[in-house]
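S.K.: Each chain, written out:
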Amino acid sequence: MKHIRVTIVILVTCLFIILIVLSGTVCRHLRERRHQHLNRDSNHQANSTAHKKTFPVLSFNYEHVRTPFEISLWILLALFMKLGFHIIPTVSHIVPESCLLIFVGLLVGGIIKATGEQPPILDSNLFFLYLLPPIILDAGYFLPMRPFTENIGTILMFAMVGTLWNVFFIGGMMYAVCQIDAAKLAHVDLLSCLLFGSIISAVDPVSVLAVFEEIHINELLHILVFGESLLNDAVTVVLYHLFKEFAHEQAITVTGAVLGVISFFVVSLGGVMVGVIYGIVGAFTSRFTSYSRVIEPLFVFLYSYMAYLSAEIFHLSGIMSLIACGVIMRPYVEANISHKSYTTVKYFLKMWSSVSDTLIFIFLGVSTVAGPHTWNWIFVIFTVIFCLVSRVLGVIGLTAFMNKFRIVKLTKKDQFIIAYGGLRGAIAFSLGFLLNNNEIKNLFLTAIITVIFFTVFVQGMTIRPLVELLAVKKKKESKESINEEIHTQFLDHLLTGIEDICGHYGHHHWKDKLNRFNKTYVKRWLIAGERSTEPQLISFYNKMELKQAMMMVESGSAAKLPTIVSTVSIRNVQAKGSPKPSRAISKSREEEIRRVLRANLQNTRQRLRSYSRYELLNDALEDDISEARFRKQKEMERRMSHYLTVPANRQETPPVRKVFFQQEHKVYTYDDSESPRGRASPSCADDVSELKETPEKPDQSSTPRANRDAELKPKEQDDQGDQLKVSRCLSDPGPNPEDDEDSTFLP
Amino acid sequence: MGALQSSPGRPEYSDLAEKTGFSFEQIGVLHKRFKQLSHNEETLRRDHFNEIDDLAFNPIRAQIIEAFFDRRNFHQNGEGKVQEIGFEEFVVVMSHFRPPSAHMTEEQRGKTRREKLRFLFNMHDTDNDGIITLEEYRHVVEELLSRSGTLEKETAKCIADAAMLEVASISVGHMLLERFEIESRMIIRFLNMDTTTLCK
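Residue numbers (this note's numbering), protein chains in the order written: chain A, -16 to 730; chain B, 227 to 426.
Hints are computed from structural coordinates only; laboratory data are not their basis.
Possibly wrong hints are sitting among the right ones.
To be verified - 30 Å max Cα-Cα, derived DSBU-like pairs, lysine-lysine:
#, chain 1, residue 1, chain 2, residue 2
1, B, Lys383, A, Lys526
2, A, Lys396, B, Lys258
3, B, Lys342, B, Lys307
4, B, Lys379, A, Lys506
5, A, Lys387, B, Lys245
6, B, Lys261, A, Lys456
7, A, Lys424, B, Lys379
8, B, Lys342, A, Lys496
9, A, Lys329, A, Lys526
10, A, Lys395, B, Lys342
11, A, Lys496, B, Lys245
12, A, Lys506, A, Lys530
13, A, Lys458, A, Lys396
14, B, Lys342, A, Lys459
15, B, Lys337, A, Lys395
16, A, Lys526, B, Lys307
17, B, Lys261, A, Lys396
18, B, Lys258, A, Lys494
19, A, Lys387, B, Lys307
20, B, Lys261, A, Lys459
21, A, Lys615, B, Lys383
22, B, Lys245, A, Lys323
23, A, Lys392, B, Lys379
24, A, Lys392, B, Lys342
25, B, Lys342, A, Lys457
None of these values were measured; they are calculated from a predicted model.
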């Protein structure tokens, strides 16, 4: 079985490679033939009158679609590669995806070169304008804000000071190396070396993302390295342009240096400001998009992309602009757009960034084969050595400094991972490619490619076993929990209060002030409708509810209705350790119930049958979701009213309650059914009285969601009220099963 | 101003420093703040706390203030509430928020974590019976939402219920907070320098 999969994958990839190669050669032949054709035609016309051609039933015109066709082929190749690596699990455990992709790129490049064609090089324009933004937007939009803001000082320190140190150290040392006679590099002057340093020293977000995503280290380290890779863009941009200008003029002036420092602030702060402006405009626009929900995701993408491009116009830091835009826009946009748009945004971003990332690595491989290389042993080897050395020294030095200010100190293990995670990538290559064409360029490019290969292959492959070896803390698999949210907020307020009592304005005080400002002024402008006054806890709760309801519906998947019934039988079968005797529903009863429920729900569905291309269907899935949520809420309320005290945070629970808890445990997981048990204490009279309450409940609980779902809510509620009654009786036999079921089962 | 004023009565400071782990300078700063809050009296009362303007926006203000007057937080195994506290109790309560010192053994770390958790628990457990009931938890959620203006009692109830059920389902109550790494989050930076004159 596995062999078949492997062979299929290999065959398909070979097919694609061949296709790509062929498309290159075919079009060349076609061009020649067309030229011949034209010449012949013109000759004919010159000589004779119109030569009658028969109408071509089937013709071949490749030139017409050449560019999009080849682009699609390349993207398809990238996708098949990605698919292939996940189908063959053994390899992907050892080798990170990026390595494999570069390898494939090398192969493809080799094949293309072998056929005599010129393989395409990673065009810097293509890279910076089309391939990089999706990755950065994806990273910025989903940036975890809490760890980012908590560690912002350290991140900025690493990004700015660390990169500066790297640049000057590497540049200086390489200049020293170039002075060695044996290297024959005397023509490389100091400025060029500094320029080289500025290209090679920046940690690359694409590579970091690609490698770190697979090793799942703890949040702190991940955000430190990743945040650094994002924020060092400003430094890179400034230094790169600065040294390029200087190299052009062959001199460093003092005014130049001062201007450089000023330019740094302009570039970074300007970039952030551009991003913030676009973010606010985007958030404001999303306030009105309820009139046409289908185009909502496009606003998010376009505003962010425009932010990036606008920043690039002025040579400001496009990456920082993009990140700022995503971060600012996100909370407000998410409050405004529909759930479907949110999912669309999420998946499109993931999709584009995934494709981009794959294409970048493949192209890196191809460009390696393609480009002209000037291999100089000494230069290359020393570059690699100095990159490593400067990174280690920089990290150690900066950590020693930052640990004085940090509450959670960085240990030696952390420092090692941060240093080891400083991967270089495609940005360095593209920047190098933009250099003016001279002999030094090829030398630099070769060195850059070698460093990239070294970091991605050697460091990328060994980081996972090292993480295991050093027992670095992994990412906590934390399910989103309402408790955590409550406690986080509680803690925030508590710490703010204590700071106020202490009398000094610390970190928490300012954060609290910002939140209050946000709530009173900003949210009112940027969020539509009543959601603007919704406190964070409630929106979090609603989000969680929706998610859980969806999970419940999806786990019921194919036959949604019988789930209710089947859960009853499943539960009864599984009742171990339960003090009550279990009871099964007879088959005929099950069938009856199923029929009744299906009929009811079908009526609801038929009413929803309206179709318009530009409207989104309020389809069956959403019905089920809202139904599931109501159901869950009713369950919870019933359960809560039955037991009012819970001994929390305590070791000794009375033995009776212990048994109880075990049942609850089985009940509350979302993969199995959602059927609560009866309790020891309450009587079924409670159940019956609760049933009467149901009509009122749905109205109240649905108000937070009112402006989100479609028009048919009121009707649904009545039906669902009935169904809920039925479903609830079914799933809870109560302590006296016989009487309960017969009396309360009503269609 | 300066050096002379910052250390009156050093012997009592050394006692406190040993008990709570603050440095002399930090205790000096706290003493100044204490005197500022209490208008140079010997003890602090609840209305002194109510005078702090910044606290007015805090939704759980009442509970924070109560925590200062709760005997259970004084590390003397007492119970119940007091009406006024002296400087020593003030510093002891503050010491719950001290950052962990650089060299701590696992045991010490566990101890501080338990102390902080105990403090939080006492804040929730308002009727001093050692158990957090559903009503108390609901009260917490309502307080948190109280500043938002639109207090929907229904939603607050739902949230509290969901939270309680979560705890119940995990069935090892305080493990939930363990994941939190309380000892690194429940921390205030205590300054060695006196900045109280700059704010308030």
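S.K.: Which numbered conditions among the earlier hints are violated in the structure presented, ordered from lowest to highest?
M.R.: Hints 2, 6, 7, 11, 16, 17, 19, 20, 22, 23 not satisfied by this model.
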